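2 protein chains.
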Amino acid sequence: MTHIDLSGLLDQLEHTLSPGGVLRGTDVSGRSAGIWRPDTIAAAAILRPRSTAEVSQVLALCHQHQQPIVTHGGLTGLVGGALTQPDEIVLSLERMNQIEELDRTGRTLTAQAGVPLQAIQDASAAADLLFPLDLGARGSCTIGGNMATNAGGNRVLRYGMARSQLLGLEVVLADGSVVSSMTKMLKNNAGYDIKQMFVGSEGTLGVITRVILRLQPAPASHQVALVACPDFAAVTQILNHLDAAFGGTLSAFEVMWPDFYTLVSDAESGCRAPLGDYPLYVLLDTLGSDPSRDKAQFEDVLGDLLEQGTIVDAVIAQTKQEAAELWALRDNVEQVFRFGQPYLFDVSVPIADMDVYRQRVLAAWEQDFPDGHFYVFGHVGDGNLHFCASVGGYDETIKACLDEGIYGPLKEFHGSISAEHGIGEEKKAWLAACRSDSEIALMRALKTTLDPLTILNRGKVIDI
Amino acid sequence: MTHIDLSGLLDQLEHTLSPGGVLRGTDVSGRSAGIWRPDTIAAAAILRPRSTAEVSQVLALCHQHQQPIVTHGGLTGLVGGALTQPDEIVLSLERMNQIEELDRTGRTLTAQAGVPLQAIQDASAAADLLFPLDLGARGSCTIGGNMATNAGGNRVLRYGMARSQLLGLEVVLADGSVVSSMTKMLKNNAGYDIKQMFVGSEGTLGVITRVILRLQPAPASHQVALVACPDFAAVTQILNHLDAAFGGTLSAFEVMWPDFYTLVSDAESGCRAPLGDYPLYVLLDTLGSDPSRDKAQFEDVLGDLLEQGTIVDAVIAQTKQEAAELWALRDNVEQVFRFGQPYLFDVSVPIADMDVYRQRVLAAWEQDFPDGHFYVFGHVGDGNLHFCASVGGYDETIKACLDEGIYGPLKEFHGSISAEHGIGEEKKAWLAACRSDSEIALMRALKTTLDPLTILNRGKVIDI
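Residue numbers (the numbering used here), protein chains in the order written: chain A, 1 to 464; chain B, 1 to 464.
Read the hints as simulated data drawn from the structure, not as lab findings.
Predicted, not measured: the structure shown is a model, and the values here were computed from it.
Take the hints with a grain of salt, since some may be wrong.
Chain A stretches covered by chain B per the calculated footprint, using a threshold of three residues with CB under 8 Å from any CB of chain B [said to hold, decoys possible]:
id : stretch
1  : 157-165
2  : 217-225
3  : 235-244
4  : 284-295
5  : 344-356
6  : 429-440
From the structure, some residues in chain A lie toward chain B, with a derived Cβ separation under 7 Å [as the list claims (entries may be wrong)]:
id : residue
7  : T105
8  : Y192
9  : I194
10 : S201
11 : T249
12 : A328
13 : G383
14 : S416
15 : G422
16 : G459
17 : V461
In silico DSSO-like links for lysine-lysine, alpha-carbon gap of 30 Å or less [said to hold, decoys possible]:
id : chain 1 : residue 1 : chain 2 : residue 2
18 : B       : K399      : B       : K428
19 : B       : K295      : B       : K320
20 : A       : K320      : A       : K295
21 : B       : K428      : B       : K411
22 : A       : K295      : B       : K295
23 : B       : K411      : B       : K399
24 : A       : K295      : B       : K320
25 : A       : K411      : A       : K399
26 : A       : K320      : B       : K295
Ideal Cβ positions, reconstructed from N, Cα and C, are used throughout, including at glycine.
This is chain A alone, in the form it adopts within the complex:
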């Protein structure tokens, strides 16, 4: 290893990258650290390669000098996975933002990692195809970040998570070597499926530079309803019933408990409440192929459930506008900011245990924070709950107490501390609540193999 200081390394990188490739000083400190965060980026520089070759050169140099790197996509993460130390360098993929090909017959899209999710959705829609991955941050998040974090979102029930949409990828390893696995094949059992290692690794095992995505036929029909249930047992019953009845077209099954429903539909919320007071609300969404048949079936199925009493009230959207209004309730999550900066949690729990678990968490939190405001909702069809807690303060001690309340009981229910948000820096201390020691040891072995000098997103996901 040649010895060189950080400033000398940055000079070398300046020569390596195309013009505008190295930002320093206020070009760094003037940038937000994330779209949900109040602070700005603290890092020695932001590198902006224009090509895979440039990413490779950057990593080779940084590897040579044991210089830690943090890869940045759209900075929409919720677990501190993109945070930097002042002596670290950011590798931003913002200038690698080209959609390279859309193959209509093969239904694939090839893109550089820095393309925003929405640009991929739009390009697919323009070709009468669907890229099904969808989340609130669609305008800012990038496809590379989506894959690096195995993003979930609104249509997992039908189409699976980001992992399921990925056919091929190109990744640059810590030492700068480029691994090309750019296949379009749906089925490919020719050796280990190495792309799987990088999906969900949060930038700690390599830098994803290009992807080949699987596109789906565009759905021709969209049915949306909000229904009310008498109790949680009915929720699990209708989930299994609807998943069967709609033959694979059920794409969202979003449950809202009354506190959340009231918050997002009260006079201050900007939305109106389409249903009165009930024990539980479920937003249903199907994506089908036949508008008239699907609508008739949707109404029949919900009608039967009403007759049986498994649902006690329902409103079915008759227009796109009404469908959007029902979704706006579920998406009106910003209302939880009404009582100060909230803490957001994202857990998985078996559906059978979900309500018991929820009650246990809330009981603990209410005891510790009697004046707190707590809201629960989530992608229950996927086993995924979101909890929001506003307790009139925001510091490490409060966070630790809330963490204990929500992650503590998870082990007993064999849940996960992160359904879709990842681990990053924030949840690292709790990883052992849902991963065995043997799993963590294996993660460490993988990390050590792929990044022996620990230069990639150091201190995230697991400690080495």
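Model the placement of chain B on the given structure of chain A, informed by the hints.
Same frame as chain A, but now just chain B:
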């Protein structure tokens, strides 16, 4: 390391395992080496552990003595992935054959790795649920083998490959350490998804001992048709059209070229030909939720295609019996044995290039083997083609020549030498035809990390 000979090691293993745990002599050599193979097992012993703890003890001992091990499931593989050398030891999971739990609400099934696929399908069906993985070898293959090889089969188009059905697994590493990742969560982004490494690794990275599977709602309706197309362009057109029109319920799209269709439906075949002579035949299958609506829609959609001329003839099954008869044609693959032991190939090619590729392969083969019989069919909806070649002989020289004809052109089309059968021993020499050097280097790094002494299924998939 203590020095010990193979016989001493087997004595130790005899003490370690429960009674009947070590087979030797004719108990080994009397067993078939595979359900498609004429030879018997040549190995020093067959170990039959009853529990994960026993598997762990076996591997710890073998690791200590650098004793190579080959894991056996149902021995239904087609690429020599379970072959042994005389001084190797077989680790058979045949006594780990318990279904441990079926969770109706959570729709999961927990099983030991040695449970046959069909037993899992049957248990799921008895609970009015579906385990969608399905292949011809269902009665013999085991769920551990299915996961170790990432099996494909008949319903990949709708439900994905084996990988997509797996929620959790338990695996024993080469050194005997047990990694438990037995989660039921659909969404779990808590650290690296380490189970992905073992799916499709063909027993070279660890021994899968238990799995948690995702079950699906049982489909209430099943539509099957055989249609004829005027040319291959029509085939790609109707695939995209039907996938959209049937809104995700299209579960099989199996193409047969005329040579194959004639072979499996002629006077000697045991089947009858439901359609006359056409350039191409497609077997369509949908699994839906609403028998009457689905049937009407199926008939409408096919009627429209007939009117447009994209399909030129069609027969729609009206009864379960008729549906079974149409599938019997596609499944009548044994007819290819009529002209002697055939060679079977399993490749992926982009659909747009499929017919050109097929013509190129057949031209090469026909030149080398003017009297050969060649048949092509496959899961075209998944980009997967099967080729059968009967050339009046079966030896390494012939195999090499056929390999050259089929794998040689694949690189140009960016296809895969193995869509679903894996690499095993047979395809190892051709891996570089569809995997980059960088991918293979990464596979090696993974193998070296997880099995540093190369005791697990030595010589399969990649050379170290």
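Quiz item: Which earlier hints can't be squared with this structure?
Solution: 12, 16
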